[in-house]
Amino acid sequence: MTVGLSLLPSCVATGYKVRRNVAYAQSDWMQLNEGDLYQPKTSGRKPAILLLHGDGRIGDDGRWQMAGIARRLAQRGYVVFNATYRMAPDWTYPAPLVDARAALRWMRDHADENGIDPNRIGVFGYSAGGYVGMLTAMKGEADVKAVVAGGAPSNLTYYAGGDLIRNFLGGRVEDIPEKYWEASPVNDVGAGSPPVFLYHGEKDTLVSPDHLLEMEDKLVENGVPHEVFWIHGKGHIGAFLSQGKALAAAMEFLDKHLK
17 MTVGLSLLPS CVATGYKVRR NVAYAQSDWM QLNEGDLYQP KTSGRKPAIL
67 LLHGDGRIGD DGRWQMAGIA RRLAQRGYVV FNATYRMAPD WTYPAPLVDA
117 RAALRWMRDH ADENGIDPNR IGVFGYSAGG YVGMLTAMKG EADVKAVVAG
167 GAPSNLTYYA GGDLIRNFLG GRVEDIPEKY WEASPVNDVG AGSPPVFLYH
217 GEKDTLVSPD HLLEMEDKLV ENGVPHEVFW IHGKGHIGAF LSQGKALAAA
267 MEFLDKHLK
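Going by this note's numbering, the final residue of the sequence shown carries number 275, and the count climbs one at a time with no gaps.
Calculated from the structure, these hints are not laboratory results. Keep in mind that the hints are not guaranteed to be accurate.
Simulated crosslink set (DSSO-like; lysine-lysine; CA at most 30 Å straight-line) [unchecked claim]:
| id | residue 1 | residue 2 |
| --- | --- | --- |
| 1 | 272 | 161 |
| 2 | 261 | 57 |
| 3 | 219 | 250 |
| 4 | 33 | 219 |
| 5 | 275 | 155 |
| 6 | 161 | 261 |
| 7 | 33 | 272 |
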């Protein structure tokens, strides 16, 4: 267990503690899923964030990617569950969606002991994590109250010519168009969708800015509260490494909708 303390000009400083490797689901596919739970050392129930890292091509567990964001959110007064999940290319759809739902369910089931307000839970992810978070929230069953998604795919048909998404979904778009539709968050946006904060590298070639633009159009069409933040001159990795101003705006957005 570790303890941190930071002074932030935009919020009341708060200490926090971290419980590492908390098991949240033993799936029927025989993989133990874990997360690190960051808990502000303040009394009362607090809003909470499920934090989701990028994909598995850089390792089996990407929680380290989001540790800095987890600390900032905890310092701001959020309970944070920085969770890993089953990822492509080792796992196929809908494994990440099932795991994100399980993590949210664990947060609600253990709300009392962890100081979580179960009615104020949001999701925050980058890249594949942003995709999983958006998909989970837009499907509606998880009752997510706010979404932050950075560099996130929203329409999987944009990857119809590649192997990664074809393997993830189990076929080509022309053979299983209904699965590509089902697995694309943009197709689940509706009038009741939660507020969304989107940020993206202007020069992202891995996840085209078209993903954000199409999602933004659908949010506007359905009257869903949202904000967009462009990181100018940066690609996919560069945007993640220089997202300071985007994160500040995203946290103000979360405060608005969860506090």
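Item checked: Hint numbers not upheld by this structure, sorted from lowest to highest -> Hint check: 4 fails alone, others pass.
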